[in-house]
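Engineer: Construct the entire structure; sequences and hints are all you get.
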Amino acid sequence: MADTYLDLVNTPLPARIAKTLGLPRPSVLRRYSPGEVLAAQPVLVAGAGAGADALADVLLGWDVEVRRHVLPGEKLSAAVVVLDRASSPMDLAAPMLELGQAVRLLVPGGRVVGLFRSSAETADPAEAAARQGIDGALRSVAHELRNGATANGIILRGDATTTDPTTLGALRFLLSGRSAYVDGQFIEVTATPAESVADLAAATGAAGEGAPEQPLAGRTAVVTGAARGIGAKIAEVLARDGARVVAVDVPAAGEQLARVANGVHGTALQLDITAPDAAERILEHVGQRYGVLDIVVHNAGITRDKLLANMDAPRWDSVIAVNIASQLRMNERLLASPVFSATGRIISLASTSGIAGNRGQSNYAASKAGVIGMVRAQAAAFDGGGRTINAVAPGFIETDMTARIPPLTRQVARRLSSLQQGGLPVDVAETIAFLASDAAAGINGQVVRVCGQNLVGA
Amino acid sequence: MADQAGAQTTASPRTAVVIGGNRIPFARSGGAYAYSSNKDMLIAALDGLVARFGLQGERIGEVAAGAVLKHSRDFNLTREAVLGSALSAETPAYDLQQACATGLETVVGLSNKIKLGQIESGIAGGVDSASDAPIAVSEGLRRVLLDLSRAKTTQQKLKTLATLRPKDLSPNAPTTGEPRTGLSMGEHQALTTAAWEITREAQDELALHSHRNLAAAYERGFFTDLMTPYRGLTRDANLRADTSLEKLATLKPVFGKSLDTPATMTAGNSTPLTDGAAVVLLGSEEYATANNLPMLATIVDAEAAAVDFVHGDEGLLMAPVHALPRLLERNGLTLEDFDFFEIHEAFAGTVLSSLAAWEDAAYCKRVLGLDGALGSIDRAKLNVNGSSLAAGHPFAATGGRIVASLAKTLSEQGGRGLISVCAAGGQGVVAILEARN
Numbered sequence: 003m004a005d006t007y008l009d010l011v012n013t014p015l016p017a018r019i020a021k022t023l024g025l026p027r028p029s030v031l032r033r034y035s036p037g038e039v040l041a042a043q044p045v046l047v048a049g050a051g052a053g054a055d056a057l058a059d060v061l062l063g064w065d066v067e068v069r070r071h072v073l074p075g076e077k078l079s080a081a082v083v084v085l086d087r088a089s090s091p092m093d094l095a096a097p098m099l100e101l102g103q104a105v106r107l108l109v110p111g112g113r114v115v116g117l118f119r120s121s122a123e124t125a126d127p128a129e130a131a132a133r134q135g136i137d138g139a140l141r142s143v144a145h146e147l148r149n150g151a152t153a154n155g156i157i158l159r160g161d162a163t164t165t166d167p168t169t170l171g172a173l174r175f176l177l178s179g180r181s182a183y184v185d186g187q188f189i190e191v192t193a194t195p196a197e198s199v200a201d202l203a204a205a206t207g208a209a210g211e212g213a214p215e216q217p218l219a220g221r222t223a224v225v226t227g228a229a230r231g232i233g234a235k236i237a238e239v240l241a242r243d244g245a246r247v248v249a250v251d252v253p254a255a256g257e258q259l260a261r262v263a264n265g266v267h268g269t270a271l272q273l274d275i276t277a278p279d280a281a282e283r284i285l286e287h288v289g290q291r292y293g294v295l296d297i298v299v300h301n302a303g304i305t306r307d308k309l310l311a312n313m314d315a316p317r318w319d320s321v322i323a324v325n326i327a328s329q330l331r332m333n334e335r336l337l338a339s340p341v342f343s344a345t346g347r348i349i350s351l352a353s354t355s356g357i358a359g360n361r362g363q364s365n366y367a368a369s370k371a372g373v374i375g376m377v378r379a380q381a382a383a384f385d386g387g388g389r390t391i392n393a394v395a396p397g398f399i400e401t402d403m404t405a406r407i408p409p410l411t412r413q414v415a416r417r418l419s420s421l422q423q424g425g426l427p428v429d430v431a432e433t434i435a436f437l438a439s440d441a442a443a444g445i446n447g448q449v450v451r452v453c454g455q456n457l458v459g460a
Numbered sequence: 460m461a462d463q464a465g466a467q468t469t470a471s472p473r474t475a476v477v478i479g480g481n482r483i484p485f486a487r488s489g490g491a492y493a494y495s496s497n498k499d500m501l502i503a504a505l506d507g508l509v510a511r512f513g514l515q516g517e518r519i520g521e522v523a524a525g526a527v528l529k530h531s532r533d534f535n536l537t538r539e540a541v542l543g544s545a546l547s548a549e550t551p552a553y554d555l556q557q558a559c560a561t562g563l564e565t566v567v568g569l570s571n572k573i574k575l576g577q578i579e580s581g582i583a584g585g586v587d588s589a590s591d592a593p594i595a596v597s598e599g600l601r602r603v604l605l606d607l608s609r610a611k612t613t614q615q616k617l618k619t620l621a622t623l624r625p626k627d628l629s630p631n632a633p634t635t636g637e638p639r640t641g642l643s644m645g646e647h648q649a650l651t652t653a654a655w656e657i658t659r660e661a662q663d664e665l666a667l668h669s670h671r672n673l674a675a676a677y678e679r680g681f682f683t684d685l686m687t688p689y690r691g692l693t694r695d696a697n698l699r700a701d702t703s704l705e706k707l708a709t710l711k712p713v714f715g716k717s718l719d720t721p722a723t724m725t726a727g728n729s730t731p732l733t734d735g736a737a738v739v740l741l742g743s744e745e746y747a748t749a750n751n752l753p754m755l756a757t758i759v760d761a762e763a764a765a766v767d768f769v770h771g772d773e774g775l776l777m778a779p780v781h782a783l784p785r786l787l788e789r790n791g792l793t794l795e796d797f798d799f800f801e802i803h804e805a806f807a808g809t810v811l812s813s814l815a816a817w818e819d820a821a822y823c824k825r826v827l828g829l830d831g832a833l834g835s836i837d838r839a840k841l842n843v844n845g846s847s848l849a850a851g852h853p854f855a856a857t858g859g860r861i862v863a864s865l866a867k868t869l870s871e872q873g874g875r876g877l878i879s880v881c882a883a884g885g886q887g888v889v890a891i892l893e894a895r896n
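Chains E and W are the protein sequences, given in the same order. Residue 3 is where the first sequence starts when you use our numbering, and the numbers rise one by one after that. Residue 460 is where the second sequence starts when you use our numbering, and the numbers rise one by one after that.
Think of the hints as simulated: they come from the structure by calculation, not from any bench. Small disclaimer: the values here were computed from a predicted structure and weren't measured. Virtual Cβ for every residue (Gly too), placed ideally from N, Cα, C. Just to be clear, a hint being listed does not mean it is correct.
[To be verified] Here are some chain E residues pointing at chain W (derived, C-beta under 8 Å): (1) A50; (2) G51; (3) A52; (4) A56; (5) S90; (6) L94; (7) A95; (8) E257; (9) N264; (10) H267; (11) A270; (12) T276; (13) R291.
[To be verified] Under 7 Å between C-beta atoms, here's a sample of chain W residues computed to sit facing chain E: (14) D506; (15) G507; (16) V509; (17) A510; (18) G513; (19) Q515; (20) A675; (21) R679; (22) T683; (23) P688; (24) Y689; (25) T693; (26) T748; (27) N751.
[Claimed, not checked] Here are some chain W residues the structure puts well away from chain E; computed CB gaps all over 12 Å: (28) E539; (29) A545; (30) R601; (31) G641; (32) A700; (33) P753; (34) G874; (35) E893.
Structural biologist: Here is the structure:
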């Protein structure tokens, strides 16, 4: 569904009118394409200490011009604020005010990324206040930014450092066009498992080279619900990043599924994921054709909206069966199978409805909140091993599903985010591809919202 | 003697296997595919196969397919379909036509090439549209138009045009009539059905089994990796899962009404005109292994036969009856050695006449030159996943449907399977498939 307002407001005269009247002025977002320049202008690394210094050195190796202080009048592609040593709310003033100067100089599509430690990991009230304070400040910055710029945070947990391969992977993702519609979000990073650090250094550019063009090369990925919409785009983006894709959808969607599979040079597997033997059939197919299954994206989902007062059993049951029960059953079988890689990645589609609830979607919200619960519990079980599981929660995404929302409601829903527009399926897909990559090895049990900092569920 | 016969067959240097298949659901003529051409449907079937096995951009050894009802512009139908598909444009292709045996014959031809080492992989199949059938101008108009193109002066042109008669302007629609007898295929079968004294009840019962077996196959998901939906159709449109002997008994006979015996052939126990396409992926064992592809069944051997239905007294669709004993003898096998029989249901009467003929000692001696009856076929082994009466019969697509379905059945249950397909012109092809294990 085309956002005609967005197109219109990005032409000269309507842009002036919108500005005069104070109407929303959504920008065309900076999105990733292979070979992207991470930062055409210098990047500010604000904050003091060894963590900030080390990070600045790594960024230099990424072929980025680095500034440690704002130079008057010089445009910036991004501002990275390193606050890993903040121990009192008083420590925030200098770096935040420096950031204030920087945001005035951000280019359209610019980035603000804050790095700080988890408030849950300190017993000192002042330190916790400082850390939690950064969270609030960065969310506010995200609300204030315009012209398609975003602000996000990386929360360092445990032994994770500012230059841990996963920290760098997350930073690269947030600086890149891949995170165009990720705004006001905080990604928790734990120290990358030691055994994979060497591989990861290459994967994330910590070794001083750029990140590889195809971070998923040689991987095999299963994407459910791949015949249309977000699922088809996930298949496309994973394939672009080098993965061999097994596109899964119900037999009735086989015609579109074949088109998707042929488009990404993958294979089509017609399969109802609610069937008891769904996981076995996937494992059999992947086992025979590719040997190892590296990535599973649980994307298939349905809505059967009704107010709870009018809800019937078929509506409730079918949503639960497809959106969460099938995932639980499949994960159990996958984890028991030697075909599923020891460094396997599971990425599950949640929804902002699962975080905030939504009128008429008690069944859907139960299933999507259920996904979040499942991901957190499974992540705890994975902790310390090579596997990870994460969820991506899309906000308002322009798909066939949201195109059925009545026009006025749809227009309002689009403008409710800080980016004042709906996201595209590719935005969800990019986040999934990042979580599937080696660069996200230390990210586990996270729910990353792709919502343009939507007010709903914030 | 049997040993010697056995030795003759296995001379083939390599083994050809069925890797998998794909077809689009079959639609009734004028239904979901009313505006789809043979090329459209063949491309859809190919692209579904490519998607299933990840063959995008691959140069397949050769693709062979055909159509029975074919526009003259489709002289290179299969190659054009390959060019329109996701396969490599460097994949060679050829068209083949042997009426309703087209699909099976493409499998036989390509598997032979694989056995000889000429190709490593092949896609065999067929397509037919009774909806988008070619309509030809009359012979009179055609001659006038050709003469006109050769005429040089205006005077010659006018003179040529003057030879045109009003009756020349009516087009020739295609028929399933036999050119040498003028009888439709149904009327031919009606003669055979009557000669073998096949009852209406027996025919309806066979039709009922076909629908029930096909419905059950869908029910257990048998077709999820054999079929890709097309144009909104997700299962064969002709399938009547809820049909019954009572319902079938209410249908009026349509063929054999001018015979002395009661007419027994109805729309229920005859196949309807159908649109559809089916393809099968074949390969050498080496090809399948190198590409991590499944091997569902081995293609063992095949035999074609033809009968003189014009001057002789054999039925039009009885050629497979003649082909089978020759195939069995060459392979040192008897009917008892088979676990599954796929006998194409052009008409229920065709299947039942064939079974009756093989059971008839006198006929087998006199006509087939055997020592006695060839034997009888356990009905529980016959068309276990339904056949053409339920699925429909897009002429050239039927062979691909049967080969893929039988190969999958053999991969699931093991054993040996026989395929028998009758064809216009008094022809027929039979083939043997064997499970891998």
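Engineer: Closest CB-CB distance from W/E539 to chain E, is it above 12 Å?
Structural biologist: holds, 18 Å
Engineer: Classify the hint on W/D506 as holds or violated, based on whether any CB of chain E lies nearer than 7 Å to its CB.
Structural biologist: Where the cut-off is 7 Å and the nearest Cβ of chain E is about 6 Å from W/D506, the hint holds.
Engineer: Would you check whether E/H267 satisfies its interface hint, that is, whether its CB is within less than 8 Å of any CB in chain W?
Structural biologist: For E/H267, the interface hint holds, since the closest Cβ of chain W sits about 5 Å away, which is under 8 Å.
Engineer: Taking 8 Å as the limit, does the beta-carbon of E/T276 come near enough to a beta-carbon in chain W?
Structural biologist: violated, 12 Å
Engineer: Would you check whether E/G51 satisfies its interface hint, that is, whether its CB is within less than 8 Å of any CB in chain W?
Structural biologist: This hint is violated: E/G51 lies away from chain W, its Cβ roughly 51 Å from the closest one there, beyond 8 Å.
Engineer: The output says W/A545 does not contact chain E. Does that hold with a beta carbon cutoff of 12 Å?
Structural biologist: Label violated. Min Cβ-Cβ 4 Å, cutoff 12 Å.
Engineer: When the nearest CB of chain W is found for E/R291, is that gap smaller than 8 Å?
Structural biologist: Interface hint status for E/R291: holds (5 Å vs cutoff 8 Å).
Engineer: Is the shortest C-beta separation between W/R679 and chain E less than 7 Å?
Structural biologist: violated, 11 Å
Engineer: Tell me if E/A270 is really an interface residue toward chain W, meaning its C-beta lies closer than 8 Å to one of theirs.
Structural biologist: holds, 4 Å
Engineer: Report holds or violated for the interface hint on E/L94, using the least CB-CB distance to chain W and a cut-off of 8 Å.
Structural biologist: violated, 54 Å
Engineer: Given E/E257 was flagged as interface, is its beta-carbon under 8 Å from a beta-carbon of chain W?
Structural biologist: Constraint on E/E257 satisfied, holds at 5 Å.
Engineer: A closest beta-carbon separation below 8 Å is what the hint needs, so does E/N264 meet it against chain W?
Structural biologist: At 4 Å from the nearest chain W Cβ, E/N264 passes the 8 Å test, so the hint holds.
Comparing the model with each numbered hint stated earlier shows that hints 1, 2, 3, 4, 5, 6, 7, 12, 20, 21, 26, 29 and 33 do not hold.
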